[in-house]
Amino acid sequence: MDVLTEISLYLQRGNEEKVSAFTRQAIEKKCAPKDILNNGLIHGMNIIGEKYKIHEIFLPDVLLAAKAMYAGMDILKPLFIKGKIPTMGKVVIGSVQGDLHDIGKNLVGIMLRGAGFEIIDLGNNVAPEKFVETARQENATVIGMSALLTTTMPVMKKVVDLLKEKSLNNSIRTIVGGASVSEEFAREIDADAYGYDSIKAVECIKKLVHQR
Amino acid sequence: MRPVVRFLSDTLIKQIITEARDILCKLGVEIHNKNILSLLHDYGAHVDRGGERVLLTDTIIDKALETVPRSFKLYDVHSNETHDFSNYNVYFTPGSAALNILDYATKKIRKPQTADYIKYAKITSQLNNIASQSTAFIPADVHEKISDSYRLYLSLIYCAKPVVTGAFTIEAFTIMRDLQLAIRGTEEELATKPLTIFSCCPTSPLKWSDVTSQNLIDCARYAIPVEFISMPLSGFMAPVTLVGTLVQHTAETLSGIVISQLTHPGTPVLYGGSPAVFDVRYETTPMGDAATQMIDCAYNEIGKHLGVPTQAYISLSDSKQLDAQAGLESSMGATLAALSGINNISGPGMLDFESCQSLEKLVLDNEICGMVLRLVKGIEPKEDFPALPRFEELVREKHLLISTHTQKYLREELYLPGPVIDRANRTRWHEEGGLTLLERAHREVEKLLQNYVPSRLSESVKKELTKLMTKEARKYGMEHLSSVNS
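If you're matching them up, the sequences are chains A and B in order.
According to our numbering, the first sequence is numbered sequentially starting from 1.
According to our numbering, the second sequence is numbered sequentially starting from 1001.
Hints were generated in silico from the structure; no laboratory data involved.
Check the hints yourself; a few may be wrong.
[Stated by the list, open to error] PhoX-like cross-link-like pairs, simulated, lysine-lysine; straight-line CA separation at most 20 Å:
| id | chain 1 | residue 1 | chain 2 | residue 2 |
| --- | --- | --- | --- | --- |
| 1 | A | K206 | A | K90 |
| 2 | A | K67 | B | K1398 |
| 3 | A | K67 | A | K77 |
| 4 | B | K1408 | B | K1382 |
| 5 | B | K1207 | B | K1034 |
| 6 | A | K51 | A | K67 |
| 7 | A | K67 | B | K1408 |
| 8 | B | K1026 | B | K1014 |
| 9 | A | K51 | B | K1447 |
| 10 | A | K84 | A | K30 |
| 11 | B | K1447 | A | K53 |
| 12 | A | K84 | A | K34 |
[Said to hold, decoys possible] Which residues of chain B face chain A? A few of them, derived with a C-beta cut under 10 Å, are:
| id | residue |
| --- | --- |
| 13 | S1403 |
| 14 | Q1407 |
| 15 | L1410 |
| 16 | R1411 |
| 17 | P1419 |
Beta carbons: idealized from backbone N, C-alpha and C, even for Gly.
Just chain B, same shape as in the assembly:
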């Protein structure tokens, strides 16, 4: 039996959805994009005189919910299937779009460079429990106008896994689409085998900016999956109660589904988010808070009720160092998320709310993910009945270490973490240097960088990617890309 955690009753889910629909139909949503407003108007929505607030109708919402896919798959750069977003399948992806990186040598938080990003992609390519890469941070040594596409370019060159990403401007979508087309070959192939997910974030309360809504339409046009990242803040930009916050999250996400499905019915989406409670002492948005994580798990239940695969920024920490708080918050989030069946769990590697990546934390979080993935497999009998013969064997042999049953199920039944997790006898731990968690994690980072094997992406495709990216960089006065050696 797969263990499942639930926070909402079916009755409460239905009531939250009803209230959210009521808000969308009576208070409406603000959309700063004329094309979308015009489209919604054509479908019978009322657009107010100011021209930005639109009142949806139940018919429009129902129509969108009819076509939104119940599941979809992702494929790596070699077109191998890596994700099946359906039911209670769960996958981890690193936290994305950090502005900073925690530097191991100085222990200081600083702006990341291209070299950091390459290291990140090389490491992520080898982390078995993290199924995709995200454009995890923003290299500060390139022009800001290409900081989104450049991350995607580096990711595609250095790591075969599919990418969770996003565009910062309307213009950037074109190059980010072209990079994907260079890999897949044709628009049809890209539509059939999605390579990326784009994050599209409404602004709380109930607003869609021109950039985000246009990105949403552009992705839909090419069947590129999107994840809606609604971010209500309980007690600040949303009601203080968790139910009130969930009503707002539902309304914002439903409006995203309406935009995507009316533009291109059948566009794959993730019912996602990054809500948080608002810390009224520090004016911050704690991602490691229990209530924040409960909101994530609960909106996932609402998404599941609507039949849409889900996503959340949940397995991450507010701490500024790789310390006990980082472990506590990340593992609690990862555990709850997986038990709730959040399909795409974002967060590994992330510190300082959502603003700092750490390579050392990423390799630690990979172990947390491994343990959690074992946890959700649950407890199932594996040739355990009848039990008597096995116990006869145990009494006869005095141990079962080399029993056929042990040999068959050892690796499947038990998850053995890597060397970042210390399970050595104390004397052995001392003998091997008495390393702290941070030191062990750094040693693993160094080992993975040494063991890196480039992806099998053909040289001609890599050259095409570089040509496209260089052309884009030149538009902003960068004659050459920062030093990149694959």
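Looking at chain A on its own, in the form it has when it is part of the complex:
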């Protein structure tokens, strides 16, 4: 079996050790790092995403696969210029001010990394200004905001308004999610997308990046 296929298959099984071993083997065989990344690691994660969507596998399986992917990426990193893996785009994520719930936001982060995005995770209880400022400084394409509490949802609108105020809303797009958030709410506050789960969030962010 082709070494990149081995990487993809072991990643799908969440086998960190094998993914690391085959990534090393691929490097020894002079495979281009970009090929290992795209046709081994990301290829495996894409299949995992599809299987998760149709309930063939469950969230823990996805997370184990993501963990295996990071193991491969750690080995690949030094081979890229300045040790930086080429990314699909840069996304700033965080749970909005007043909200300490971050498991949903963390899941989105894991999925985005798995899909090849660079993540700047601001954690929880993030002020609107902090979202906008970080995105601007880091030249991020998307801001992803999460809220569990209905009381913290208005913060999302503040971020969207702030971007408009600073005329950044065309260069920095927004996506919202979390248990209390809905598609209607996203429309109301003029956010660019709503991700009802982590896989959907990745799908939406890919579209937003592409539109830009």
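Fit chain B to the known structure of chain A by using the hints.
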């Protein structure tokens, strides 16, 4: 701890049994079968002058109860064990012998055809929470004289699971036995590894027809298990009170045990039934009624007290459509039945009392069964103590999604239903077509039909089954069986 629901105290159970025995010994039971009357007479029972009513004795009843098996097993067409009817083990089987089917395309109730039956068997073969098949409905495109055996034939060809069935005539037993022998090879093998259960129904109040009682004897001769289906109707053909109905059910079922055990001691039986309260407004027999379901659970307790495995027609609905009433009645029945420990729970798929099967309801009910089977597993610690290390892990990792403990117990601890049960976020539900329950169930029906894989039954056995069935059909002027392609 396995959760258990009980409706009767031990004292009340004993009193009901005493009263039922008193009725059998003083009022007697009507049996329209000379062989049985003669047998009972030989054992000391008094047969009245008219020659059909027989007064049992306590000695006869005790003798029967001594030999009735405390448990028995079922095996599929490949001789793999599928059922262990003992203690509080519960298994689901589709409701049987419906005259009609609910057609998805027209939304109308109509007579079923062979093609419908084949679809049913193919679907049932893939429903994980339904352990056996039943001869669920009666194809109307074959001669009525073979409508019982033909269902069994189709079931054995298309689905490996054991079959809950029954003969409509005395003559039909022979072909229904021969079909089973074609699969097992010998009478001994069939007796050792039962493949079917035959339903035998006394007529309320306290009567056994010639056909039913003869079927009972014939099954006993080949050690084919039977389930007694006593059907007292509270307030009509039985006392209006639940206790009064239970006395009648006990008397009718005990008389069945006497017939089977005196004919062939050790014949496996299920202490079953399909009693109902009588709806004095519509003149109907609601199976979804709470009191009906209480009678089922209560006679199961009586059966358990007597040491006999049990059965009931309980997880089904009186509704004519796959609607909220269908879900309410079926799930309440399934839940109560399983919590009571009714060993063989009949009903999935059934609507309109016991007269209409629905393939869409069957796949929905499979999910109800799945949830109920999880429910009766109860709550047990699984490496939960000491708790501290797990919580240290939670605080450290911020979640337990990929904890070794989660990976080990996720699939065992949580039942994840199929796509018929909607648990999607509202936006996702919209995106995926915003399908109604009925539409989702139909999509699942179509998917199962596409995914069907024929059973591993050898071609030579399938040919033998077809040869036997064709020969039987020819007796009634049918030169060829309806189109059957396995």
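Right, here's what the structure says about each hint:
| no. | hint | in the structure |
| --- | --- | --- |
| 1 | A:K206 <-> A:K90 | 11 Å, holds |
| 2 | A:K67 <-> B:K1398 | 15 Å, holds |
| 3 | A:K67 <-> A:K77 | 15 Å, holds |
| 4 | B:K1408 <-> B:K1382 | 10 Å, holds |
| 5 | B:K1207 <-> B:K1034 | 14 Å, holds |
| 6 | A:K51 <-> A:K67 | 17 Å, holds |
| 7 | A:K67 <-> B:K1408 | 18 Å, holds |
| 8 | B:K1026 <-> B:K1014 | 18 Å, holds |
| 9 | A:K51 <-> B:K1447 | 17 Å, holds |
| 10 | A:K84 <-> A:K30 | 19 Å, holds |
| 11 | B:K1447 <-> A:K53 | 17 Å, holds |
| 12 | A:K84 <-> A:K34 | 12 Å, holds |
| 13 | S1403 | 9 Å, holds |
| 14 | Q1407 | 6 Å, holds |
| 15 | L1410 | 6 Å, holds |
| 16 | R1411 | 9 Å, holds |
| 17 | P1419 | 7 Å, holds |
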